[in-house]
Amino acid sequence: MTDMTSHPGPKSIDWTSDEIGARVRKRKAAENRLRYIGLGAIGIAFAMLALLISSLVSTGWQAFRQTHVTIQVTYTPEFINPDNLQRSNYRGLLEATMLDLIPGATNGRSVAAILSNGAQFTARDRIIADPALMGQTVTLRVPTSDPYDQLAKGLIDRDTPEANRRLKNDEIAAFDALLSQGVVSKPFNWALLGNADSRFPEQAGLKGALWGSFYALLTCFLLAFPIGIGAAIYLEEFAPKNKMSDFIEVNINNLAAVPSVVFGLLALAVFLGWFGMGRSIPFVGGMTLALMTLPTIIIATRAALKAVPPSIREAALGVGASKQQVVFHHVLPLAMPGILTGTIIGLAQALGETAPLLLIGMNAFVTAAPATPFDPSTALPTQIFIWADSPERGFVSRTSAAILVLLGFLVMMNAVAIYLRNRFERRW
Amino acid sequence: MNDMRIVERTVDSHQTKITARGVQVYYGEKHALKDVDVDILDKTVTAFIGPSGCGKSTFLRCLNRMNDTVAIARVQGDIRLDGDDIYDKRVDPVQLRAKVGMVFQKPNPFPKSIYDNVAYGPRIHGLTANKAELDAIVETSLRKAALWNEVKDRLAESGTGLSGGQQQRLCIARAIATSPEVLLMDEPCSALDPIATAQVEELIDELRSQFSVVIVTHSMQQAARVSQRTAFFHLGNLVEYGETGQIFTNPKDPRTESYITGRIG
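Those protein sequence lines, which keep their order, are chains A and B. Following UniProt numbering, the numbering of the first sequence begins with 1 at its first residue and continues without gaps. Following UniProt numbering, the numbering of the second sequence begins with 1 at its first residue and continues without gaps.
Next up, chain A with everything else stripped away, as it sits in the complex (with noise of 0.2 Å):
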């Protein structure tokens, strides 16, 4: 107490001065600073987020409209053989059903060229599918093929120069005649989620690819999740802590951000180098991107591991439960939240990571959608790939759904997880 005497006491301050005043109202306006520099960066953020998804919806909204034509056909002897219907000739049979539909039509070829390739075999189908339709009329609703469908939406300019415009005059002037008859349609086009994929646009659909990217999810999932979640409990609860343990906690956390094409480089050379798995496979792909998502699930289960409290450890150790009971009966648990959470973002990485299908083949053509995890297919960023690079116009409009499809499911993943995280979020 004698030290407080020897030393001179606190000058008073005056609260009011200038120099006060001043140096509050520096330290309010550094605050508001702060405070409009992070208002501005989400505001950018959110800008471009909004630049993107209307930039995509603007080119892609289309795509979920597919023009139609409502054609009468009469399945008549001169082009349908009952004996085989199969090799009938239905080419012919919709030139003539076109030739009587626009008044003035000669070329039957060319007002047949309206329709969608897949016409013919939707005529076909119906017969084969009842022969009793022979000497009937039918009613089909079929796709027209691209350059109609760009011309119905509008997207081809009626006032270009004949020379540079893919439909010609007389050819514009058919279609007129269709839509005055009100034959013409434009329902939603299911067959961008029914069909796989096809040469012609308004044929092609993203069965193929979500059947692909479901397989290869599924195997990525099974592989990674219990591996992950076996190597972080046993990293994080049972491995003695040393070198060796440091060192692989380093290689894991470097693995994580290894470029996505050297494990498609990897996956080739051993894949389907050394062990000869098929090319384009979800199965291969799913292992492949397994690859990339085990340091993402480790490390989010080790976080989710280390974030439990210790107390609740103890009180496990404390009754007496062997170290497995802990991490079992308590730990696991209580992380699983965490775990969920991080696996789930770890699957949505995978769902949109390109490169590494890339190099397995899985951005082949393929037209079937694949029935087992075996068959070859595409999957959904590799079959955006392929889009994007076709010519046909049509393709432009259906790279853009198919991309707002593949953010469908991003969002829909990370709501799953971001509830799961909300549902199980326990407090302690």
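This list has only true hints and no planted wrong ones.
List time: in silico DSBU-like cross-link candidates among lysine-lysine, alpha-carbon distance up to 35 Å:
hint: 1; chain 1: A; residue 1: Lys243; chain 2: B; residue 2: Lys89
hint: 2; chain 1: B; residue 1: Lys99; chain 2: B; residue 2: Lys89
hint: 3; chain 1: A; residue 1: Lys153; chain 2: A; residue 2: Lys207
hint: 4; chain 1: B; residue 1: Lys112; chain 2: A; residue 2: Lys306
hint: 5; chain 1: B; residue 1: Lys99; chain 2: A; residue 2: Lys306
hint: 6; chain 1: B; residue 1: Lys106; chain 2: B; residue 2: Lys144
hint: 7; chain 1: B; residue 1: Lys131; chain 2: B; residue 2: Lys99
hint: 8; chain 1: A; residue 1: Lys241; chain 2: B; residue 2: Lys30
hint: 9; chain 1: B; residue 1: Lys152; chain 2: A; residue 2: Lys323
hint: 10; chain 1: B; residue 1: Lys89; chain 2: A; residue 2: Lys306
hint: 11; chain 1: B; residue 1: Lys106; chain 2: A; residue 2: Lys241
hint: 12; chain 1: A; residue 1: Lys241; chain 2: B; residue 2: Lys112
Derived from the structure by calculation, the hints contain no laboratory data.
With the hints as your guide, set chain B onto chain A.
Only chain B this time, still in chain A's reference frame:
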């Protein structure tokens, strides 16, 4: 605090439960506990007091081998429970901890139902044959922990939804559900308010009839209130150990006297 009452307090039993000889604990390079010799009596409350970092909790955690879970901790010396070396290779620390229960500083119920909290120990050790036996153990444990009347209608509710004092009594019930012989308590009241503290202290006094209780406390008043024997630790040494009345009224070591009178600590 009525000091006269402490002087008159006697130790009921003179049977030794735990014998510790020459116990040394190292945390890495740090010599945390130096050459401690203690005999802990059966059916007695023994208090460990001393300033922070004096080694009293460290010693407590040697008694049920909780220090095994700390990677850098090394324990030397001889600790015997009923004459058997608990650091013997053949002793399973997991089983030892069922016999030597522990209650921690912060109430740490599992985020499970009240019932499951108490039933957890008996379940993992396979102490019961059927549900009825388990129900009986849960009820007696909660009764012994003076919590039964407060929670009997909501056994299925989460243990973390109880108040702090109730949570700590739940932890005590959980610890005594495996019928331990010794109950270790590491500052069990430091996170509780005075009313909850009083309840827990009363409980400790009742538990003495069945268990040997070892309690680490910062509060000398608490040591004086609940214990029959007191050990004073300072800088890793056991300075003085004796009957609580003698330690508080007639300490032999000047360091004990300084601590009791508030000059160190």
